[in-house]
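Taking the hints into account, I'd like the entire structure generated from these sequences.
Number of protein chains: 2
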Amino acid sequence: MQENNTQGTDISTLGEFGLIKHLSKSIKLNQTSTLKGIGDDAAVLNQSGKKTIVTTDLLVEGIHFDLMYTPLRHLGYKAIVVNVSDVYAMNAEPKQVTVSIAISKRFTLEAIDEIYEGINMACEKYNVDLVGGDTTSSLTGLCISVTAIGEADEDQLAYRSGAKVNDLICVTGDLGAAYAGLQLLDREKRIFENNPNIQPDLTGHDYILERQLKPEARKDIFESLQDAKIVPTSMIDISDGLSSELFHICEESNVGCQIYEEKIPIDYETHKMAEELNMNYSIFALNGGEDYELLFTVPLDKFEEIEKIPDVKVIGHICDASKGKYMVARDNTEIALQAQGWTNFTE
Amino acid sequence: MQENNTQGTDISTLGEFGLIKHLSKSIKLNQTSTLKGIGDDAAVLNQSGKKTIVTTDLLVEGIHFDLMYTPLRHLGYKAIVVNVSDVYAMNAEPKQVTVSIAISKRFTLEAIDEIYEGINMACEKYNVDLVGGDTTSSLTGLCISVTAIGEADEDQLAYRSGAKVNDLICVTGDLGAAYAGLQLLDREKRIFENNPNIQPDLTGHDYILERQLKPEARKDIFESLQDAKIVPTSMIDISDGLSSELFHICEESNVGCQIYEEKIPIDYETHKMAEELNMNYSIFALNGGEDYELLFTVPLDKFEEIEKIPDVKVIGHICDASKGKYMVARDNTEIALQAQGWTNFTE
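Residue numbers (UniProt numbering), protein chains in the order written: chain A, 1 to 347; chain B, 1 to 347.
This list has only true hints and no planted wrong ones.
Repeated chains share a single entry, so a pair holds when one copy, or any two copies, can fit it.
Cut-off 27 Å, straight-line C-alpha distance, at most; resulting in silico cross-link-like pairs (DSSO-like, lysine-lysine):
1. Lys164 <-> Lys21
2. Lys21 <-> Lys323
3. Lys105 <-> Lys189
4. Lys105 <-> Lys21
5. Lys219 <-> Lys263
6. Lys229 <-> Lys263
7. Lys50 <-> Lys28
Bear in mind the hints are in silico, worked out from the structure with no lab data behind them.
Right, dumping it as structure tokens:
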């Protein structure tokens, strides 16, 4: 647990401006649209001719992450990923981010550096500039707030509201793995808490752990769709589970849907974990979360082109709103889909 | 203390999507540049031809505010104000904000509504659209993260780095009052904690209390400067005290400065409070914070025009960097100015 490192540098030795100066050193600006980054009252951007896309997400210790098993570097990385994922879900290109962090005094400078290392790695990977933010102390937990800014031509934007009857429903990658990883980490944490002599056993679960701790956004799919000149009729990123996201698209587009359980892409490790826990793996995909895959719809006549894009799977189609939103299960029964959302207020 | 209201509606009865729907009802969009607000993966803005200004600030319970004496409505209002203030400090016009809030379960729906009432009031006053955000629970304190987005023509922007030798140094309003208000609230809180039978005595201190609890950003000055066709050579908003902000402008502009203690505008109530506390009132203005007034420089030949703008005072001038950054005190001694910044890591 990095936060208990007492051997590092006390943040108070730097003061606010010292800390800002220190953190700014590692920041590189690459976007031509960034006219002014950190160092003034605000950043200045130049998105001439394009539309500006803005999204924001807040990660809170104890709710969205557990520092007992989340490396700080991964946390910084994930904070950026979940936001650029929302920009891709608009079929837009992320360009800048701002990052605000509240950290308790128990954090050393080295711990903050680790968070920013992850942030900078993600900024490099997704080619976005870190242009502003705020660093403050917290009396209690760690809190990271990121705002991502992107751009797109208006006719390229994919809202949740554009799905049409007969459109194909597509998902990228595989689903439920991040949730499976979380279940594993929670189980091992409980075992460790009951008996600190038992070392966590995480072998053979690399994929689901990585999906939970270091998710990626689908920059590649955004680019493939651009290359194929396909503008999805609707799109959303899968952060709250397939069921919930499909529900949103149908509600916003005023349509129904039919998907097939057997077509939902699920990784072998997710299967295995669900089995170990005596759970249904489809539940992981439908109601789990944090996949950061893309769910989108395209007109039926794009079927052949979509088939050519690696890592995209057609799992069903859009139908009339009157037909409802449901999944055809493996046993051919029809199951109504429901919106979930987070439940951290009710837990 | 609103947070301990046990008679209100439990947030868990709504769930995430219910809460978002509930909060969205009261949101009005007024800006033509807002193409899409809340309700998709991201907001979409259209700032055709102008530069985009982005700034963000994080307010954390126990660090930036004390719920013992901060009404939630005021807190929501202030969270918007401190951000639009940064946009005005670029000589730009705020247009949109996103708001992310982490709230503990002890908050009722009515408490959240109060925060958003303040947020909506500020959005209306400053004519900005609330276009996105995130609402999550927190295991501990309340945390509000706001990002403000504005626009300006490039030649209208006022950076910290443009001050020139002989420029006049101007401030708006009066300084130190918010800090005086904080001192008063802290004193009365301590008295109350020692003896809950003693009611806080806040009479005769309305102005400094309002400055602390419900600050305003200088939209009027931004507009007056536009009307007078004056583009400040440099500008910053005063959130960390005059000394610190002047230090920033000098450092970024590579110049020195000379200001006069007797010219620093200080309200009578601030004077009075400093006297009661046996402190020097100039210290309140120089090292206090949260004034959200504007500090800016203009060329010497703008003197007459600047004089005509109500609530703007010339307090000194920019000189060569070699002359240093100092204040001529009432007794004619010269005092070197220092950068402060927050010290909440060291307290």
